[in-house]
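Can you make the complete structure from the sequences, with help from the hints?
Chains as they are written, first to last, in my numbering: chain A, 2 to 461; chain B, 2 to 461.
Just so you know, these hints were derived from the structure itself, not from any lab.
Careful, some of the hints might be misleading.
Where chains are identical, the list cannot tell them apart; a pair therefore holds if satisfied intra-copy or between any two copies.
Claimed, not checked - Taking lysine to aspartate or glutamate and the DMTMM-like style, the derived pairs with C-alpha atoms no more than 25 Å apart in a straight line are:
hint	residue 1	residue 2
1	K142	D255
2	K316	D217
3	K316	E208
4	K413	D275
5	K413	D28
6	K142	E25
7	K316	E100
8	K216	D180
9	K69	D358
10	K216	E317
11	K395	E350
12	K215	E98
13	K316	E110
14	K215	E317
15	K395	E168
16	K216	E192
17	K216	E98
18	K164	E317
19	K316	E98
20	K316	D40
Just so it is clear, the structure is predicted and the values come from calculations on it, not from any experiment.
Number of protein chains: 2
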Amino acid sequence: MSVSDSIQQAIEYVNANAGRFVDELFDLLRIPSISAQPDHAGDVRAAATWVANRCRAAGLTAEVVETKGHPAVIAEGAQAPGRPTILVYGHYDVQPEGELALWNTGPFEPVIDDGKIVCRGSADDKGQAFCAILAAEAWMKTVGSLPINLKFCLEGEEEVGSKHLDELIRAHRDRLACDYVLIHDTAQFDEGVPAVTTATRGLVYKEVIVRGPKKDLHSGSFGGCIANPANVLARMIAALHDDNGRITIPGFYDDVVEMSAEEVEMMNSLPHSDAALLAELGSPKTWGEAGYSTLYRRWARPTLDVNGIYGGYMKEGSSTIIPAFAGAKISMRLVANQRSEYISRAFDEAIRSIAPDTVKVEILDHACCDAYLADVTSAGMQASRRAVEAGFGKAPVLIREGGSLPILPLLKDVLGADSLMLGYCLPTANIHSPNEFMHVRDFEAGIRSTTALLGMMAEA
Amino acid sequence: MSVSDSIQQAIEYVNANAGRFVDELFDLLRIPSISAQPDHAGDVRAAATWVANRCRAAGLTAEVVETKGHPAVIAEGAQAPGRPTILVYGHYDVQPEGELALWNTGPFEPVIDDGKIVCRGSADDKGQAFCAILAAEAWMKTVGSLPINLKFCLEGEEEVGSKHLDELIRAHRDRLACDYVLIHDTAQFDEGVPAVTTATRGLVYKEVIVRGPKKDLHSGSFGGCIANPANVLARMIAALHDDNGRITIPGFYDDVVEMSAEEVEMMNSLPHSDAALLAELGSPKTWGEAGYSTLYRRWARPTLDVNGIYGGYMKEGSSTIIPAFAGAKISMRLVANQRSEYISRAFDEAIRSIAPDTVKVEILDHACCDAYLADVTSAGMQASRRAVEAGFGKAPVLIREGGSLPILPLLKDVLGADSLMLGYCLPTANIHSPNEFMHVRDFEAGIRSTTALLGMMAEA
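This is the structure we're talking about:
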């Protein structure tokens, strides 16, 4: 039987069993595996056990692997000598439910509403990660074997910064060796516009604390006589951008790779409307680095944002003090080929150089990870595009992700493997928000896509 | 009995009862009458009641007078026909406690530590305002009558901009008619350098709120695509000063009166050291408008300070959001002859003109009052200098106050009365800061000074 016939057979199995797959996903979604909350540690473990058992039922070997935090699951299919190896990365921990009153139904009581599976984790990432397990099952229950070497590394700490993943990957480096990493943790571009994601932005997250007097002072007695840390902090933040929205940190843009003309052309052909975006977000106008479109800015330009700022009297009303200190949480999204360690140092140096000697400045580090940019010409990427077309019935567009996935540069570094990002949920899926959802049709199309990918990779 | 004998007798009463006066002050200090915080409204009222009762115990008639906000207390002694009239102004509301961890003892649990009464309100203004009530008592319990006409107007909204004082004063214009206003809400110049204050700065207090998206957004998905309200706010604050520390608001300095050569000379002869100031405050360096000394900046130059700034994620750790809004509490200290209403409008116009159209900006008004500059040659001012010498045993210096007392321009306007500012605490009293204090010895010297002043004014 040809590979394409095998793919067809496996996809038919997916279509025939789709109802059962949704029911099974509901079982997983009902486990409130909130990794951020210690009292849900047992639920994260229960989700790991569920996932390991489901991998076994799909015909894989699976193991719950302990870490210093929540456990992970490592699974694999029988060896397919001479064939490429794909490592599926995903996670079964979820975000806290957030504001309960904003949920239309229980955050851990999955329902189907207007064709959508509504539940915390439906999109991020239980629903999507499950697609890969089911794709393996489709091959095992039809062809009886996998067309490639398939491995899984599914974790329970993604929503708390994958604290122990680095250690886990390094400890199991040989066992996890692969040609490509497959990740179902991004999204389509829009309704009816399936996508393959080719890049994520990196992240350098700092906190700058400006200290002046050793305690809050009366602004009448001392105003205008000593530097005010909040005013100084504001001046320092302001100095980090020029009037064109460009970041002024020396060397910041040195390594930035522009998008190719072809990628820009594809981007410009996408159905994007600034007016629609503004209507959705509520901002009066777009803003960003001069000379780039909104999508370009999101996908391929580095940024610097204040994520939080504090100092002095922050409650209702007024208090006439000069604050003893003021601080700002400042993060930068990086793009290929900026090096996060270099940008981290450049930021610190810029801050030190603009800090006046009328105050003391402290800088804290909160996060540091590189951007990721896939080789869109790789065999794996070509197969991915054909697989999504097979699953969704429509050729995917190539898009970039504005957020960060530290796992990508990590796996590139430790395993030398490129990542394939096939996201099946919608960008409006309310991940991290109330009423998270994934369309049943996208869940099914996703399983079909991954099923097709396994076969297509055999010939890639 | 001569006036000077009567003064002596009253002062002896003060000395004999000083211990009891401190105990009574403690009772008042224990009431957390924070006018800025709505849940302390009952405490402000309790302080008003306490003060009215204490006035009655001193031999005055007293009334708690309602306003649209916190109540005030109006009290007076028996009429002394043909004698001058003094209206004592003070306040029994206090600043919020600020950062609790920095207090060595509870902010509302008065203690005596190394000769200092430590408690929020000990200096600003409960401890000082109480001196005048006790001076009245000293006359009533010794001579049996007051040497002049004495009135009190004590309020509970000074720390929130005396919002309803204007209305109160105007409503009781006849009842409060006076020749001089006496205010114990300033400070000595330094340890062992008692002072009479001749000027206060005005205050315009604003809150600028910058709004962007309707809710917090993911900084990866939207960073660099829409304006970040915290970054915009920082740029706007930064734009309010130039590199010489001058305020850039158009017209801001138009009406500023420089100090006379004589006053500058007296100022320069005072024992002031920038190094000592910095050692005390903990700031690494002085800062201010180029071309002026520290004392000049404090006394006679207008300023602009951020008193508080807030927005986005302000807790421990990190969160990758673009805040929906960010705000800053910004106040300006004004000097004679700046007009606060004019500066208020000029600030708003400046903010509107520098606000980009990528955000919406809201401006709240928290306070607006003029500066005050006294006639140093008046009879009241001469008597004040002699009274402080009598109370402290040392001739006072003439100084200016960097803080604001809105009551001064208001009373000048409504009652036509000049103000006498006799401040008894130290300038280092930590007012508006943790561990606010007033020396027991200064509290006692203050009561003696006011006691003397009542007698000296009878002959003024």
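*For this structure, which hints from the list above don't hold up?*
When the structure is compared with the hints, numbers 1, 4, 5, 8, 9, 11 and 15 turn out to be violated.
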